[in-house]
Amino acid sequence: MCGAKKGGLDLKGVDVDKEAVIQGQVLRGEEPVGGAYVRLLDSSGEFTAEVPTSATGHFRFFAAPGSWTLRTLAPKADPVDRQVVAQYGAVAEVSVTV
Amino acid sequence: MSRESALVSADWVEEHKNDAGVVLIEVDEDVSAYDGGHIAGAIKLDWKDDLQDPVRRDFVNQEQFEALLSDRGVKNDDTVVLYGGNNNWFAAYAYWYFKLYGHGDARLLDGGRKRWELDSRELTDEVVKREATEYKAKAQDLNIRAFRDEVNDAIGVKNLVDVRSPDEYAGRLLAPAHLPQEQAQRAGHIPTAASIPWSKAANDDGTFRSDDELQKLYADAGVDFGKDTIAYCRIGERSAHTWFVLHEILGQANVKNYDGSWTEWGSLVGVPVALGDEPGKA
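In order, the protein sequences belong to chains A and B.
With the numbering used here, letter number 15 in the first sequence gets 16, and the count goes up by one each step, no holes.
With the numbering used here, letter number 265 in the second sequence gets 277, and the count goes up by one each step, no holes.
20 Å max Cα-Cα, derived DMTMM-like pairs, lysine to aspartate or glutamate:
| no. | chain 1 | residue 1 | chain 2 | residue 2 |
| --- | --- | --- | --- | --- |
| 1 | B | K212 | A | D82 |
| 2 | A | K77 | B | D217 |
| 3 | A | K77 | B | D23 |
| 4 | B | K212 | B | E290 |
| 5 | B | K150 | B | E78 |
Not the full set, but computed from the structure, chain A residues with beta-carbon under 7 Å of chain B:
| no. | residue |
| --- | --- |
| 6 | G36 |
| 7 | Y38 |
| 8 | L74 |
| 9 | P76 |
Note that these hints are calculated values from the structure, not bench results.
Cβ coordinates follow ideal geometry from the N, Cα and C atoms, glycine included.
Next comes chain A alone, as it looks inside the complex (with noise of 0.2 Å):
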């Protein structure tokens, strides 16, 4: 995890500050993996909410302050769990390989 840019969602008009922001994208080798399915679950293993990855295979939640895991589900493939700390402030950024 670290602040990549490279193939990083924009944040224009994501107030960081303000949102506890986790993004990042799914990939399958170097390849983007496009309607992968990525649930946040909470520090309990609660589902909290869930997005569909877009084309280039990117997610992005504005979670609140804490500790997460992201559960991502693909087609042919196991699903795969990642632990992710979320702050104001600072972008949680995961790079999920199914």
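Chain A is already provided as a structure; the job is to place chain B on it using the hints.
Chain B alone, transformed into the frame defined by chain A:
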């Protein structure tokens, strides 16, 4: 009702989607999803533009519903198979709506659009136009729709099930984070309501959990299956999903959806509101 009569599998849809008398209908929260690709032959219903009155806060009436389905080419004796994104959230709402107006044979595609996509099944952007029909709707079946006075009388008497997220239930949020509009004046929940988020009824892939898991989910949260039940959420869509689980899959009698839900209750003068994670007292 039962799981067998209310749900169909993706394999069933593959086998029967071209049958005369079977109509596939996609209903999504994201109303543009259909245009990007849908199951071959499926038509689309827009949960807002097609199903909500454009002026008053209410549904389209019986005549408007007849005109809508006639225009879209649905017949009274068709088997209507509904599916959509977000664990069939809005498809379940449309299912409830079809039942409200007395449609005979309606089903949900188990897992909806998500399971279909995860299975890498085919989607098409081919435009579908069905021949117009003369659909006849029945008067609303108020055995499955609750209004505010009935909800007020149900406090401490019937099961009330709040299917919103825990933070909305407790009053820490007024709406899901990605849906900021349509808010009530006050946050919280209806006293005595059990908190059972709708999403707990679905597996990760959007299919419904097993009957045993579902029974346990509601029983453990305090639902007394010997009593009548009213489910609510914020605007009545998520609670239609829970209505489907209780009434159609588990076959519970006397389950109603309160579609006024929190946006109505949380703006009413003179009704009780509970805050925090506990149900509160009648």
